Amino acid sequence: MYVAVKGGERAIDNAHAWLAEERRGARDVPELTIPQIRQQMALAVNRVMAEGSLYDPDLAALAIKQARGDLIEAVFLIRAYRTTLPRFAASNPVDTAQMALDRRISATFKDLPGGQILGPTFDYTHRLLDFTLMAEGAPEAPLPGQPPVAADGDTPPHLPHVSEHLNHDGLIEPAPQGETLPPDLTRSPMELPADRALRLQAITRGDEGFILSMAYSTQRGYGRTHAFVGELRLGRVAVEVDIPELGFAVEIGEIELTECETVNQFKGSRSEAPQFTRGYGLVFGQSERKAIAMSLVDRALRWKELGEDNIGAPAQDEEFVLMHADNVQATGFLEHIKLPHYVDFQAEMELVRRLRAEAAAAEAQQHQQQPQEAAE
Amino acid sequence: MTDQAYTFAYLDEQTKRMIRRALLKALAVPGYQVPFASREMPMPYGWGTGGVQVTAACLVPEDRLKVIDQGADDTTNAVSIRRFFARTAGVATTEATAEATLIQTRHRIPEQPLREGQILVYQVPIPEPLRFLEPRETETRKMHELEEYGLMHVKLYEDIARHGTIATSYAYPVKVEGRYVMDPSPIPKFDNPKLSGNAAIQLFGAGREQRIYALPPYTAVVSLDFDDHPFTASKPGHACDLCGAAHSYLDEVITDDAGGRMFVCSDTDFCAGRRREGHQGRLGGQA
Numbered sequence: 001m002y003v004a005v006k007g008g009e010r011a012i013d014n015a016h017a018w019l020a021e022e023r024r025g026a027r028d029v030p031e032l033t034i035p036q037i038r039q040q041m042a043l044a045v046n047r048v049m050a051e052g053s054l055y056d057p058d059l060a061a062l063a064i065k066q067a068r069g070d071l072i073e074a075v076f077l078i079r080a081y082r083t084t085l086p087r088f089a090a091s092n093p094v095d096t097a098q099m100a101l102d103r104r105i106s107a108t109f110k111d112l113p114g115g116q117i118l119g120p121t122f123d124y125t126h127r128l129l130d131f132t133l134m135a136e137g138a139p140e141a142p143l144p145g146q147p148p149v150a151a152d153g154d155t156p157p158h159l160p161h162v163s164e165h166l167n168h169d170g171l172i173e174p175a176p177q178g179e180t181l182p183p184d185l186t187r188s189p190m191e192l193p194a195d196r197a198l199r200l201q202a203i204t205r206g207d208e209g210f211i212l213s214m215a216y217s218t219q220r221g222y223g224r225t226h227a228f229v230g231e232l233r234l235g236r237v238a239v240e241v242d243i244p245e246l247g248f249a250v251e252i253g254e255i256e257l258t259e260c261e262t263v264n265q266f267k268g269s270r271s272e273a274p275q276f277t278r279g280y281g282l283v284f285g286q287s288e289r290k291a292i293a294m295s296l297v298d299r300a301l302r303w304k305e306l307g308e309d310n311i312g313a314p315a316q317d318e319e320f321v322l323m324h325a326d327n328v329q330a331t332g333f334l335e336h337i338k339l340p341h342y343v344d345f346q347a348e349m350e351l352v353r354r355l356r357a358e359a360a361a362a363e364a365q366q367h368q369q370q371p372q373e374a375a376e
Numbered sequence: 377m378t379d380q381a382y383t384f385a386y387l388d389e390q391t392k393r394m395i396r397r398a399l400l401k402a403l404a405v406p407g408y409q410v411p412f413a414s415r416e417m418p419m420p421y422g423w424g425t426g427g428v429q430v431t432a433a434c435l436v437p438e439d440r441l442k443v444i445d446q447g448a449d450d451t452t453n454a455v456s457i458r459r460f461f462a463r464t465a466g467v468a469t470t471e472a473t474a475e476a477t478l479i480q481t482r483h484r485i486p487e488q489p490l491r492e493g494q495i496l497v498y499q500v501p502i503p504e505p506l507r508f509l510e511p512r513e514t515e516t517r518k519m520h521e522l523e524e525y526g527l528m529h530v531k532l533y534e535d536i537a538r539h540g541t542i543a544t545s546y547a548y549p550v551k552v553e554g555r556y557v558m559d560p561s562p563i564p565k566f567d568n569p570k571l572s573g574n575a576a577i578q579l580f581g582a583g584r585e586q587r588i589y590a591l592p593p594y595t596a597v598v599s600l601d602f603d604d605h606p607f608t609a610s611k612p613g614h615a616c617d618l619c620g621a622a623h624s625y626l627d628e629v630i631t632d633d634a635g636g637r638m639f640v641c642s643d644t645d646f647c648a649g650r651r652r653e654g655h656q657g658r659l660g661g662q663a
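If you read the protein sequences in the order shown, they are chains A and B. Here the first sequence is numbered in my numbering, starting from 1 and rising by one per residue. Here the second sequence is numbered in my numbering, starting from 377 and rising by one per residue.
One chain only, chain A, in its complex shape (with noise of 0.2 Å):
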């Protein structure tokens, strides 16, 4: 009778077994390899590495094999690991300026130094499904167009910001040159309020699909900023490290990063002349929409620092923002109502009763006393 919460053990290693096998799936298809996901599921591993604060595509790609494709769970495991690796050293700041460019726009100006280059993008695809994918092990299609790298031995484009350009004017506020160390929410809690570093470092690691609707809100007018974008980059940029040993930095790596600078109308306020301002965004790989949702979001949070009026629209609130954008924190706060409660639910059953037998009481006080008042 009294066995409901009994074997408990037993029905974990159950269920963890189960779950082994349904991840497997059915063993007459072949077992996905990491760098088949490494390689075809570029874009959900580049996301895995964005939200899990961590650099590696093997890691991103065994973890969604291991989550079954869901990108949170694969995003949760990156994390947990990453929160054990030593730090040997922090890197010097990227040069994004030096970006070896894949992909480069600007919908500010229709052409610029260096040109548009449109790069691998999904932007002028007809979304068709291609059933010619499904025809699985048939030889390939050559692929159609150009290939996709530039000429034997050029070497990719390094191009200066388009907001550079403006700059050059004084139509745009200068970007700010900090010389302090930014602070790291990963290795101390998070303070409010947080400077701009902060913030940024929150909204990249941030849940995409949170930083889109707060970015689509601001477009919505809750909190509208009026963006432009400035320039969206891919590439890849070198990783350099100063070895105290050598006096000099050495480079230790390439990773790809998406890049957003939006340009802002700002009429002025109280505090600053007119000029344009911008908002920012950087995330591992290609992550278009979360490079240009984070800049949105971005300037949205910036509206103290640039005397805007709080309109009161959740984009604008930088605790709203900050403390609900992460997605692992989100989950499993949301998930852990799955886990018994028995004790407070008994607790709320109890009050509940005695609330219900109390008011019953009081009505049947009431019903006794009308008649009388009635015959009155």
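Source of the hints: derived by calculation from the structure; they are not laboratory data. Please note that a few of the clues may not be correct.
Claimed, not checked - In the DSS-like style, the derived pairs of lysine-lysine whose C-alpha atoms are separated by at most 27 Å in a straight line are:
1) B:Lys518 <-> A:Lys304
2) B:Lys611 <-> A:Lys338
3) B:Lys518 <-> B:Lys551
4) A:Lys110 <-> A:Lys267
5) B:Lys551 <-> B:Lys401
6) B:Lys518 <-> B:Lys531
Just so it is clear, the structure is predicted and the values come from calculations on it, not from any experiment.
On the provided structure of chain A, position chain B as indicated by the hints.
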């Protein structure tokens, strides 16, 4: 990756040191919420990561660990956490309250009084007692600084005005040594009196919210109330159907689809111990 790739009790020594510092500060200022750089753990936020980090920072190889959830040693999450430390720290485990040197708990305080030298670690979901009155952390920290607890009293008063009683049955707010209002974690208010004057060290860890707070041994803890509406530690008006205990906290178990119910101790170790001693409740023989 093998288990040996992780340090004792999973967390690296620098992280443990950071947590121990927060614990010492928390013990020095009872009831005050100390921010700490909570780490991602290999279990989800909201599932006891705060308690697990505090336990990891306190454990030594000689410890004997007990883990309970809802008072029971055999609920799934308690099993999972106990296994985690058995695996990563290799410490001995026990279900006996008296034998444990460190007890991690979710939502209960064991029925058997704790003794000096024991540590009770609570898992805390929302450490801020004022959170549901004021959602902003920036505001609630200020309220604690200024000892501005009027809002809480107004809430309790409104309960009485509306329901005739304070309608909070768990996570019932307390005041620590006459200073900080503290959330005792979602324990039933039946357990609140055990918080006060307890011989054990009581540590509270909230992982997702990045807060640690503590009650040193023999700290005075008072459940908030009014002179004319004193606090009462209530429980269902039954005795345990298995061991017959009249003063333990009970779980209600549905036994059939015709409204059949039985009440059993939520503290499984306490209940089993009483039955070993020969106590028997209404259904003690059959269960």
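Right, here's what the structure says about each hint:
1. B:Lys518 <-> A:Lys304: Distance of about 21 Å is within 27 Å: holds.
2. B:Lys611 <-> A:Lys338: holds (24 Å)
3. B:Lys518 <-> B:Lys551: Holds, at roughly 17 Å.
4. A:Lys110 <-> A:Lys267: Within the cut-off at roughly 24 Å; holds.
5. B:Lys551 <-> B:Lys401: holds (18 Å)
6. B:Lys518 <-> B:Lys531: holds (19 Å)
The structure agrees with every numbered hint stated previously.
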